[in-house]
Amino acid sequence: MVSNKSDRLSTEQIALTSKYLAEMTERFASPIAAVQPLFGRCCLATLPSSIPCWDTLTREVAWVAAGILSHPDPASLSLDPLPIIEIYTMIKGIDREVPEMRQILERVGPDLEAQPPEIRSTGRVRQIASTLSKLGFPNQVASPTKETKNLLNEKESWFSAPASKLSDLADHLIADDVPLDETDTKILSLIALGELRNYHLDIGCKLLRTVLQLGVPGEETRDGVDFIALQRRRDGRYGFLDRLAEKPEQTADPDTTLFLPMTLNAAWLFKTEAACVVMLPVLTTVGETA
Amino acid sequence: MLAETISDPMLRLCHSEFQRLILELDSAPSRTAFFDVGAVAEILVLTNGIPEAEGLTRMLCDAAARWLKSGLLEDLLMARVEFAYHVALLTYLAQSVASVSPSDLEVIRNLSDGRLIARSEIPVLRQHLITAYLWACGIHTDFGKLGRRNLTQIIDRRVLRARSDEFDLLVLLMCAQLLQLDCSRGYQGPRTYPQVLLVQAMRAGNTNWLPILTLLCRRFFGFPGPLCGAAFKSMEESIPAPGQLLPAPPGNQIDSDYIERTERGLRLRSTIALALSLALPGEIYGIQQVRPAFN
Chain A
27 MVSNKSDRLS
37 TEQIALTSKY
47 LAEMTERFAS
57 PIAAVQPLFG
67 RCCLATLPSS
77 IPCWDTLTRE
87 VAWVAAGILS
97 HPDPASLSLD
107 PLPIIEIYTM
117 IKGIDREVPE
127 MRQILERVGP
137 DLEAQPPEIR
147 STGRVRQIAS
157 TLSKLGFPNQ
167 VASPTKETKN
177 LLNEKESWFS
187 APASKLSDLA
197 DHLIADDVPL
207 DETDTKILSL
217 IALGELRNYH
227 LDIGCKLLRT
237 VLQLGVPGEE
247 TRDGVDFIAL
257 QRRRDGRYGF
267 LDRLAEKPEQ
277 TADPDTTLFL
287 PMTLNAAWLF
297 KTEAACVVML
307 PVLTTVGETA
Chain B
101 MLAETISDPM
111 LRLCHSEFQR
121 LILELDSAPS
131 RTAFFDVGAV
141 AEILVLTNGI
151 PEAEGLTRML
161 CDAAARWLKS
171 GLLEDLLMAR
181 VEFAYHVALL
191 TYLAQSVASV
201 SPSDLEVIRN
211 LSDGRLIARS
221 EIPVLRQHLI
231 TAYLWACGIH
241 TDFGKLGRRN
251 LTQIIDRRVL
261 RARSDEFDLL
271 VLLMCAQLLQ
281 LDCSRGYQGP
291 RTYPQVLLVQ
301 AMRAGNTNWL
311 PILTLLCRRF
321 FGFPGPLCGA
331 AFKSMEESIP
341 APGQLLPAPP
351 GNQIDSDYIE
361 RTERGLRLRS
371 TIALALSLAL
381 PGEIYGIQQV
391 RPAFN
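The listed protein sequences correspond, in order, to chains A and B. Using my numbering, you'd call the opening residue of the first sequence number 27 and step up by one each time. Using my numbering, you'd call the opening residue of the second sequence number 101 and step up by one each time.
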């Protein structure tokens, strides 16, 4: 059996989560801070059950991009180029163009090339460079370090690698666009599930996206996506507060520390799942009687 | 007469104490406060039709509705499986409040549909094991019809629950015993769950769980070659000093009336598992699993 991926979120659920993300955009009231919620809404707009809203989204993307371009010192913004590249790619995917976004991306390439070699060989930078290159922005992708090449080959060491190294590993895998075999997929999915159970959502979701993009998703991958799907709340946000933790995880604002990051991760993961060429296995019916 | 002199003042006292308890849970949710509210709810739910209890019951129902609507009950439900009964009870009581609508139950319904809540496998496994062990001793214990359950799937779904504790490991130990007794009548062992727990133990440096899970995966549940190799490497790195047992699991706080796991027992069992794993001869990959024929 295969899952019907359009069922992951209904039209109403997509609308509710988009509304939450739009509220976050308004709350921050700054084009720079609006990048991430906007990225989440674009991800949701790519889902099969979403109602087309690209006119609005494209307008907002142009507003955000113009805000970045008009900033007196854009380098001081410490913007993560990846969501911007992803937004650009999604808009391009529906045959639209936001010239301001193109201008931003044209600046990213030279910035990357001006970085020292040790920075250019990190997974994140290589992934950005590789994606830009595929989008037609001239760019040179540096080689990974010897240490990284060893890690890529020593699969047993993935299990005990710290989250930062795994995150870097995932970036390298995506940068190089090398298909993952069944064993690689299983290893990364198991690690992702373990991380999700510890509520380490960023690395858990990143590994799942990598597997969905490059691997042969199996039961463990499906469990990982299900884990995230079950974090959904009535208002469209994702995540559960651990109210009984001795030191509360969320001190000041749970929206910025938990709900928004988790909702963005969920939207990105569902988008990746929807684009996945291999259908995830679906749980068979439980034969259970009282 | 008794009502005026004894009962009324007592109820007034209970009313104010209960109000304080509710306020406490409102302002700073804690395990104790929640279980205290649960204890009160257990009696108030049985007082339907008693006019004197109406004030207390109304106060409880209003609070339950507030906690349901704010998402507190959902958060507690996800925090610990043992809260599920009281969450269900409070959710039921909240239904009597006019402002509560079916949409307020959406998340709890999803969690139930996703098999994340209110499915404690330990009582089922316990009954199966008690029956099986006593049957092997010639004693026929009848718990009535236990029903057929696909243990593979039920236990594998535990992987969707965040935050592990000793119950996770206990479930797998019981499952393995059932498989060994060959009396699981067509049930299969879990697949994903033991492997994920093993990965978690490795990544968290939980040297107490590591040898147990490795032994279970090796003999009963199976695991991919690289995971087996990584587990053995981690075990070799965590061999205790001569004369020492392995340490207890980190943050082990699972003692309850239902299950008591003291540090000494947990350290001893894991050291036994480690010693046996290291003593077993032969290569570590592709080991023949001890699985009943029905698998």
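Keep in mind that a hint or two might mislead.
[What the hints assert, rightly or not] Quick list of simulated restraints, FRET-style, between CB atoms:
(1) 141(A) - 305(B): 28 to 38 Å
(2) 53(A) - 123(B): 43 to 53 Å
(3) 131(B) - 45(A): 45 to 55 Å
(4) 191(A) - 182(B): 29 to 39 Å
(5) 53(A) - 192(B): 34 to 44 Å
(6) 137(A) - 305(B): 48 to 58 Å
Worth flagging that the hints you see were computed from the coordinates, not collected in a lab. Where a beta carbon is used, it is the ideal one built from N, C-alpha and C, also for glycine.
Run through the hints listed earlier and report the numbers of any the structure violates, in increasing order.
2, 3, 6
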